[in-house]
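Participant: Listed below, chain by chain, are the residues.
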Amino acid sequence: MKASQDLWKKLLQGKIAEPLASEIDAFENEIELRKLGKIDEKVFAETRLRRGAYGQRYDNGQRHDGTESRKLPFADKPTKGPGTVWDAPGMLRIKVPFGGLNPAQIEVMAELADEYSDGIAHITTRQDFQLHFIHIENTPAIMRRLGAVGITSREACGNAVRNVTGCPYAGVCACETFDITPYARAAMLFLLGHPDAQEFGRKFKPAFSGCADQACGLAYMHDIGYIAATQQGARGFKVVVGGGLGAVPRQARVLSEFIPLEEFLPVTQAVCRIYARHGEKKNRNQARIKFLVDKWGIDKFREEVFAERAKLKPDPRWTEYLEAALKEGETALRPGADLPATPANASENLRHWLKSNVKPQRQKGYYTATVALPLGDITAEQLRQFADIARRYTKGTIRTTVEQNFILRWVSGADILAVYEALHAADLSGAGANNILDIVACPGTDTCKLGISSSRGLAGELRTRLATKSFQMDQAIQNLHIKISGCFNSCSQHGVADLGFYGSSRTVNGIKVPHFQVVVGGQWDNNGGAYGLPIVAVPTKRIPDAIERITGFYLQEKQKAENFHSFIKRVGKAPIRKLLDPLVENLPTPDVEPGLYTDWGDPRSYSIGDIGIGECSGEVVSRFQFESTAAERMVFEAGLYLEKGDAQQAGEQAYKAMLRGAKALVQMQYDDVGNDPAEIVAEFTERFHDSGLFADPSVGAAKFATYFFDAHAAAGTGKKFTADLAHQQITEAQLFIDAVHSCYNRLRSAAPAKA
Amino acid sequence: MELQHLIAKFFTVGDSKLDPAQVVNLMHRWVAKQSMPEMLVDVAELLHVPKGPGVIAVGNDADYALDHTDGRWGVLYRRKSTLAGTNADRVVQALRSAAAAAQLIEDEFKGQITVSRHDFELIVNDRALAPNTPATFAAAKADLEAGVKAFLGHADFKLEAQGGDPRRRFAVSVKSAK
Ligand code: HEM
Ligand code: SF4
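Chains as they are written, first to last, in my numbering: chain A, 1 to 755; chain B, 1 to 178.
Worth flagging that the hints you see were computed from the coordinates, not collected in a lab. Incorrect hints may have been included.
Which chain B residues stay away from chain A? Per the calculated CB distances, all over 10 Å, these [claimed, not checked]:
1. His5
2. Ser35
3. Asp70
4. Gln93
5. Ala100
6. Phe109
7. Ala142
Here are the simulated DMTMM-like cross-link-like pairs (lysine to aspartate or glutamate), alpha carbons at most 20 Å apart as the crow flies [to be verified]:
8. A:Lys569 with A:Glu585
9. A:Lys10 with B:Glu2
10. B:Lys33 with A:Glu68
11. A:Lys71 with B:Asp61
12. B:Lys33 with A:Asp65
13. A:Lys77 with B:Asp61
No residue lacks a Cβ here, since even glycine has one placed at the ideal position from N, Cα and C.
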């Protein structure tokens, strides 16, 4: 752990909004408890995942060095989760709702990349940031530093509502129906930590799109997608559900052609409740919402959702967030102007950059400039320079994109050349945004536990090869999208690329060789309108050749302005397969071509021995487990207060821990119990005490329940805690919570939960 | 003041003929053989990023790198976990570790790369402990000098705060004639 952990806590006291500040304190305590072995490893795994702290390759303590798999000599400590070594570096995913960022946030990202990571911040395929090689014990300080600038990593991973993505051109795009930004923000605020979104069997990914036919929002490949629509002049969304990539891709189905604005949050809430209640929990491979929609059919799913909607208690937040969100809008820093003529002495790069990276906004005189990042990576120093540029020429209006780039919005045409020069000075003026050079890759074997082939290695190699020639290529080829995943899980979104690749391994001449499946037929436009299919697995070292063959064939055979997707639809996959077959047949032995048997950028002989168990599906942890773990943590915190000499806080915290424990039990029978202590006590009394369910003579539970009732009775009376009284209350709280656990265990073994 | 999480970086001399990608292989050997005092976990190759962190042998307590930050190649040691001892001890530890890595790289790629032991920088990789201000320099200078002196074996060197952008980490440059 860094020496400054506590210092940051002090420095940032009062600078982090609630409830985030308390949640981070709680997480810090959970880390301590796990170190003491007092939290179950599965619960801790899901807890950290829901805080954005993900596993990384080799965190099972094994590494293949090309010859054999060796144990890495980590210190012997409790795990971070099943089979996950405590000290092993991990990844932290940081949520960036709809990709919106300001310069101050970017500067903090730079600091964190410097101080806790490898000097690099990485933009993901869902507009998030990732930092790699992070020690779990440093995550609270990182979270506080992010929290102080309004960023959270909460629910960035785990079985939760993931980042709400949105079209990065929202608000400035000429073809959008309306700006989705305020609604994406409202959905993010509404869903973050929402009690109805805590018991999913898997992750849940929302996306917003401003129009139906462009790609930017990719609504159809999300668990829930919102496409801006109007009806008789009123705004609303076409809502689609059950889309997703992964090993079993699905196009989302239409839940409703039009949901008015004031209804989109309640309907979303109803979808969450239906998914939490009826979604698969045991078999993770069937647990995404798409499988529930498959099982029921969209008509029954729709019926259930709207029936649930009708039952919801009205929530002022359905519209509060909307009103608040509408107030925030972006404006320009400088007066708009048309683009100047390209200077006669302009470099070739500038000419390409103007063509590929600059787009006019809907607002006359303003442009967006895309900062194309190699493999989504940027250094800390570049982040600072970019923050300066964003401040100097705009009001700091920045978005991240699913192509792993930045977009700077609201640049006046008069400033475009100056912005280019400034970006150029920061090595950020790469041209070719969103074209064949702008290759998207998942983390792959670099850091992902599930990686089979090196997606980033291949992407880097292709970039190098294409850099010199991409702009000489036919425009049709320049327009192609390449996306590369390290395995079938599709984290690069290869299924909607023109040319998609995913890692697989094959045995050649008796030896394992890294391969990529070549996927064609995907459609990027129409919000990810079609998914491609694999044609053949080609050795990774032959993929550049495969691309040349496919693009050559396309150029030769395409009809006039036929795009690649239409071309593949017309000619079919068979001729592509025929083109690629020679790359797969009669492969040379290792003595002839040793390089074939290694992966890009990795000198070790190839092996699949490092593939571990991914954490993409998280751990299915019931709400009871979370709530009772929270109660345990709170008793522990009460002890910490007492240690610091604050008996009053200690006694009060011990009481709150009991409340939390009681609530955990009540929720087994009654989902919607609130946080009002009187309500919790009343429900607990009726459902568990008076019914006799809680009384277990073998653990003296009846007595422990009176501890809880007594503490509650005293709570409102201004009871003063001495150290002794606080000590007693902590002991009693622990006994009560232990009894809560045994009650839960008895009930669970007797009958399924929930009345 | 407490100085922890030090980075020491020795700059290369002249034009290095070494293709930095070559170092990937060497570092994989370090990991396989656990050649360094600190446990190493993996190699991160980040050469696609201009003026970036280059190639890193990543560990839990420390990283070793052939680094290109600020556009200057050098061999770098980054202390991640805390160390006991005095501030000066920790300066010496970082410098000796970076020097040891530099030696291994020079030995492996004879004639292709030369790393100076007299032109280097020290960074405190923690903005809470050491914000990039003149006050930090005033408070840390004596300890930094004591550490550098112990490492070089003489006091004939110039140690200067890099100053500059307050958003950067606190860093000093050291130059000595011998
Ligand atoms: C079975 C396990 C996994 C499945 C099914 C899966 C699937 C996916 C899919 C389909 C996407 C992308 C696109 C989207 O929905 O927009 C995605 C995003 C991503 N995945 Fe995975 N993934 C898995 C595990 C992992 C692992 C182990 C890693 C390694 C670190 C990883 C890294 C990523 C990243 C970096 C993104 C973009 C993330 C974001 O910002 O939310 N995934 N994943
Ligand atoms: S596609 Fe596979 S290799 Fe790539 S990040 Fe996802 S799970 Fe890992």
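Participant: I'd like to know which numbered hints this structure contradicts. Please list them from smallest to largest.
Facilitator: Violated hints: 1, 3 and 8; rest satisfied.
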